[in-house]
Amino acid sequence: AQSVAQPEDQVNVAEGNPLTVKCTYSVSGNPYLFWYVQYPNRGLQFLLKYITGDNLVKGSYGFEAEFNKSQTSFHLKKPSALVSDSALYFCALLYSGAGSYQLTFGKGTKLSVIP
Amino acid sequence: GAVVSQHPSWVICKSGTSVKIECRSLDFQATTMFWYRQFPKQSLMLMATSNEGSKATYEQGVEKDKFLINHASLTLSTLTVTSAHPEDSSFYICSARSKPGTFNEQFFGPGTRLTVL
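Residue numbers (the working numbering), protein chains in the order written: chain A, 1 to 115; chain B, 1001 to 1117.
Isolated chain A (complex conformation) (with noise of 0.2 Å):
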């Protein structure tokens, strides 16, 4: 069965220090693996997805992730952290079912950003 894992509930970091929030996964077969943003009482936004190709994924608003098969990780990474990055990151692996492709999510990581 497929699976992803967030270990950390919570990420603190200082404004202007880069920030990891991380994510690992179990699959089998080829993972497709997604990076969301949640802001409070909000949807979802897309940030990046890794598909195939460069294991270095760029995305929305600087973040970037680093997909390592030998590892099973798909880390989010920022070099510089914002106040206003401040908010739910959930980590989630595509998978077929139900006639459908469907997501599985981790349970998320709170990151906090402080001036």
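Any given hint could be a false lead.
As the list claims (entries may be wrong) - Going by beta-carbon spacing under 7 Å, a handful of chain A positions derived as facing chain B: (1) Arg42; (2) Gly43; (3) Leu44; (4) Phe46; (5) Phe105; (6) Lys107; (7) Gly108.
For the record, the hints were derived by calculation from the structure and aren't laboratory data.
Note that the structure is a prediction, hence the values are computed from the model and not measured.
Here a beta-carbon is modelled for each residue, glycine too, at the ideal position from N, C-alpha and C.
Dock chain B against the given chain A, drawing on the hints supplied.
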């Protein structure tokens, strides 16, 4: 990117009443729509998947008679919570995909906060 709207944003109802939540794709045709439920400080749990004109496919443990889903057109899906009870209080999020392909992005609505008194 494409826009998905939900209505209402917030709803408070009495126990035993039914509540309908609308999900619309505003600038694209959604061949597939998804309904998720999110509890506080928890992840999104997929409730059901629906293709336009077909019956919804519900995830294990989701009561289809309680959570009625209608995907009547390519731009509208509705979720009706029938005979709502306090344990149904949650944040409901819909999502839509424009094409049935594997890697097409899913667009998410802003969510509907349901509180059942």
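Against the structure, the hints:
1. Arg42: Holds - the Cβ of A:Arg42 comes within 7 Å of chain B, reaching about 5 Å at its closest.
2. Gly43: holds, 4 Å
3. Leu44: At about 4 Å, which falls below the 7 Å cut-off, the nearest Cβ of chain B leaves the hint on A:Leu44 intact, so it holds.
4. Phe46: holds, 6 Å
5. Phe105: holds, 5 Å
6. Lys107: With Cβ-Cβ at 5 Å, under 7 Å, it holds.
7. Gly108: holds, 5 Å
Of the hints listed earlier, there is not a single one the structure fails to meet.
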